[in-house]
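Fit chains B and C with the ligands to the given chain A structure using the hints.
Protein chains in written order, with our numbering: chain A, 1 to 292; chain B, 1 to 240; chain C, 1 to 371.
These aren't lab readings, by the way, just hints derived from the structure by calculation. Quick reminder that beta carbons are idealized off the backbone N, C-alpha and C, glycines included. Each hint should be verified, as a subset may be incorrect.
Said to hold, decoys possible - Going by beta-carbon spacing under 8 Å, a handful of chain A positions derived as facing chain B:
hint, residue
1, ARG167
2, ARG169
3, LEU180
Each chain, written out:
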Amino acid sequence: MDRFVFLTLDGLSRGAVYAAFALALVLIWRAARIVNFAQGAMAVATAYVAYSVSAATGSYWLGFLAALAAGLLLGAAVDLAVMRFVDHRSPLNPVIVALGLVLLIQAVLGMVYGNEFLPAEAPFSRSALTVAGVAVLSPYDLFAFAAVGVVVVGLAWIFTRTAVGLRMRAAAFAPEVSRLLGVNVGGMLTLGWALASGVGALAGMLVIPTELGLHPHAMDLVFVSAFTAAVVGGLDSPPGAVVGGLAVGLLLSYVSGYAGSDLTPLAVLVLLLAVLLVRPGGLFAPVAARRV
Amino acid sequence: MSGDDLLVVRGLVAGYGAAPVLHGVDLTVPAGTIAAVVGANGAGKTTLLRALSGMLRPLAGRVALAGDDLRGVPVEQLVRRGMAHVPEGRGVVGELTVDENLRLGGLWRRDRADATRALDEVYQLFEPLARRRRHLGHQLSGGERQMLALGRALVGRPRLLLLDEPSLGLAPRVVAQTMALLRQLREATGLTVLLVEQNVRSALSVADQGVVMALGRVVSTAPAARLRDDDDLRHAYLGF
Amino acid sequence: MSATRAAAPPRTPAPDAGPGPAGGRRVPTLLRHLAVAAVAALLLTAVSYGLDPFRNFQLATVAAYLCATAGLTVLTGLNGQLSLGHGALMATGAYTVAFCQTAFLDAGLTGGWWLALSLAAAVLAALAVGAVVGVAAARLRGPYLAGVTLAVAVVVPALTVTFDGVFNGEQGLSVPVEPPPAGLGPYFPYERWQLWVAAAATLLALVLLANLVRSRYGRTFRAVRDDEVAARLAGIHVARTQVLAFVVSAAGAGLGGALLAVLAQSVSPGAFSLTLSLFLLMAVVIGGLGSLAGALWGAVLLVVLPDLTHTLTEQFTLSPAVAQRMEGNLPLAIFGVTLIVVMIAAPGGVQGLLARLGRALAARLPGRRRS
Ligand SMILES: Nc1ncnc2c1ncn2[C@@H]1O[C@H](COP(=O)(O)OP(=O)(O)O)[C@@H](O)[C@H]1O
Ligand SMILES: [Mg+2]
Chain A
1 MDRFVFLTLD GLSRGAVYAA FALALVLIWR AARIVNFAQG AMAVATAYVA YSVSAATGSY
61 WLGFLAALAA GLLLGAAVDL AVMRFVDHRS PLNPVIVALG LVLLIQAVLG MVYGNEFLPA
121 EAPFSRSALT VAGVAVLSPY DLFAFAAVGV VVVGLAWIFT RTAVGLRMRA AAFAPEVSRL
181 LGVNVGGMLT LGWALASGVG ALAGMLVIPT ELGLHPHAMD LVFVSAFTAA VVGGLDSPPG
241 AVVGGLAVGL LLSYVSGYAG SDLTPLAVLV LLLAVLLVRP GGLFAPVAAR RV
Chain B
1 MSGDDLLVVR GLVAGYGAAP VLHGVDLTVP AGTIAAVVGA NGAGKTTLLR ALSGMLRPLA
61 GRVALAGDDL RGVPVEQLVR RGMAHVPEGR GVVGELTVDE NLRLGGLWRR DRADATRALD
121 EVYQLFEPLA RRRRHLGHQL SGGERQMLAL GRALVGRPRL LLLDEPSLGL APRVVAQTMA
181 LLRQLREATG LTVLLVEQNV RSALSVADQG VVMALGRVVS TAPAARLRDD DDLRHAYLGF
Chain C
1 MSATRAAAPP RTPAPDAGPG PAGGRRVPTL LRHLAVAAVA ALLLTAVSYG LDPFRNFQLA
61 TVAAYLCATA GLTVLTGLNG QLSLGHGALM ATGAYTVAFC QTAFLDAGLT GGWWLALSLA
121 AAVLAALAVG AVVGVAAARL RGPYLAGVTL AVAVVVPALT VTFDGVFNGE QGLSVPVEPP
181 PAGLGPYFPY ERWQLWVAAA ATLLALVLLA NLVRSRYGRT FRAVRDDEVA ARLAGIHVAR
241 TQVLAFVVSA AGAGLGGALL AVLAQSVSPG AFSLTLSLFL LMAVVIGGLG SLAGALWGAV
301 LLVVLPDLTH TLTEQFTLSP AVAQRMEGNL PLAIFGVTLI VVMIAAPGGV QGLLARLGRA
361 LAARLPGRRR S
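Only chain A is shown next, with the shape it has when bound in the complex:
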């Protein structure tokens, strides 16, 4: 029972990170009808920025902020320099271009930093606190929860309560009409990319210290898990992405706790296939897809 509690809490804290990453995918999907397959590589790139900044300044937090800023900039740059010019009539095209970005980003990181694992520092202890004799969350898990919580609430606030959020949603749903109403649709799209990539950067900063460390491929499997989370929730639904992320986190935690961590990749694949074949629109599609 203690183990179950521990695995559940651990799964939720992992899931929070997947939720953030899935949210980033959903944001771009809603804004541009593109699944950003380069999201993982972009997040890793920002984590390397954090690594350099932290190494130069000696401060984790400066590195953390630098990663978020780099995420925003990188997202905007990818939209303005690359995606803007892709012919979207075939859905294959943006996917292929995103994969080209993956190759490019990972190669550049390899050239600059090398293809070895670099240590990724965690700002808080990662050993679990015990409450009434039961191992629960670590301070780092709490930090991850809080960070993702702030982002989720912040995004919800931006999209539902602010003028710019209204513009972004309108631009995504009805670009032509939005332009007639004075909305700078291209600018909203760039902003969407920037926000999503910033959220992706946060997810990367949170997840990399819990894995093997910093590496150009550090987010490959995380991307697959987050994509699965986004699909579980329905690619169109931000709340779905959050729920999907938590669900995937729980599943992975139980599988690795009860069956062995080697099996987690397979579990992700099976879940992804199962969801897509049974409920292709995601588990929350009919109700959630049109809200927020």
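Using the frame of chain A, we list chains B and C with the ligands on its own:
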């Protein structure tokens, strides 16, 4: 061209791809008047409005709004110059609520206080919308969507309103109300309207000026009253 | 994407394997492809004597990649299904060859033909995996399909560690391969023999694929790519067609992976990473989606570009560590940039550019213009 002409169009050529649909359209709409563009299906009326609001880039010709050449002005800037375009099918954003749709119409405005005032006025003008603020666009009836689209344009306090077939799919009573409203707005605020209609009778009944289009050209421009009574023109181009 | 739009596909399965009624004096497709393959075989044999062992080996590697890129061309270019998982299918072929060759060696079965049997087994294994993935893929579209195949590409190599009792983890397995037959003489270079083996298998596969592309099945592939609804209305079973395309494509990938394993005489998960899958896609896109000739360009690029960057980095005096980073990553960076630029500027790829050039030249020669 007199100084009071709000919209002046000269030799406008526009189309989709290489082949033009409009072959040199000339049009003048004096400020504070209603001009009705009528013509058969496929005559190029929608294309004309799209070219005016910049959604289609004209291949040749000149469009001037209050004397300013609109060439090269991006679509999203036109609202700031006082032009509002309610597109064919009305363009209500189904995924947004009534309130969000309406607010969208005034987001570009610097004068936030007046934008809020305009929003309240629209809610007073269209009672049913006020009752359905929180409903999504795609939950509305056809008549309500019509009100929403028109109201959203009015929130921007435009000088020139481009309306593409507002009567489409509406009950005759609602059409009559809409036309009466246009007349009323013209009297009250000096709004200038370029109204595209297939419903020729009701369009000409509110318009000051009638413009008949056929095959991408303006074939006749005349006071609306005269057009209503000109049997030859009606038979030739309007089919009644 | 491709300049050729498929004609309306036949409603009834017309038996048009032979020269169709319209093709009166045309050479039958199969014969023509066999003739081309024979000429290629002769050329390659001649070339194999002229090249040094290293170039022979490189050419053999091109042949191995060509199987995989041709397979992916059939799937993505002709049938419109994107697969990021072909590296995993190659791995399936490669590990199967390793198991078979080891088993044959343990059983004391020596002789060249056992290798052919191993390769056939590799194709069958990839075919089976391809059928499973293909059935799922047939129900998925666009980014969903890309995501699932990406998951396959990431997860399958990880399985070799999960079940390391079978696959020996990151270390991988060795692939015992016999020396060239004694009949070729004692000094016959091993690399030349490798080229022969790889080229023979690849040419056979290409003839089969080329025939398939020209056949009724090829037309249904294209019809489904161009417009699923229209294809369905024309009586094509869309899902079945998509599964078939996936299976054929997987067989090509399996053979390619098997050949790579035979050439390297070993197999490990590192060789079949996600990056390989992306490489294949890149090769197909750059070569020109939808044409088997494009697949050849892609395969050549996969081998030549790393070699070129190696030569390039040698021009500069770099510290060994930097040189190593550059060598490993510069080709990737170039591939990535090329992929992006090609998708934006020339979606037809190399083959599309050549075809445009060819048409432009043909238009300049009025005497030879077809009426
Ligand atoms: N998006 C489009 N692409 C190509 N041709 C179009 C398009 N929209 C309209 N057309 C053509 O332009 C002509 C005029 O259409 P339109 O302006 O919609 O006419 P109206 O609004 O008067 O009915 C028609 O011949 C129509 O076929
Ligand atoms: Mg129209």
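Do the hints match the structure? See the list:
1. ARG167: For ARG167/A, the interface hint holds, since the closest Cβ of chain B sits about 6 Å away, which is under 8 Å.
2. ARG169: The hint holds - ARG169/A has a Cβ within 8 Å of chain B, the shortest such distance being about 7 Å.
3. LEU180: This hint holds: LEU180/A lies near chain B, its Cβ roughly 5 Å from the closest one there, short of 8 Å.
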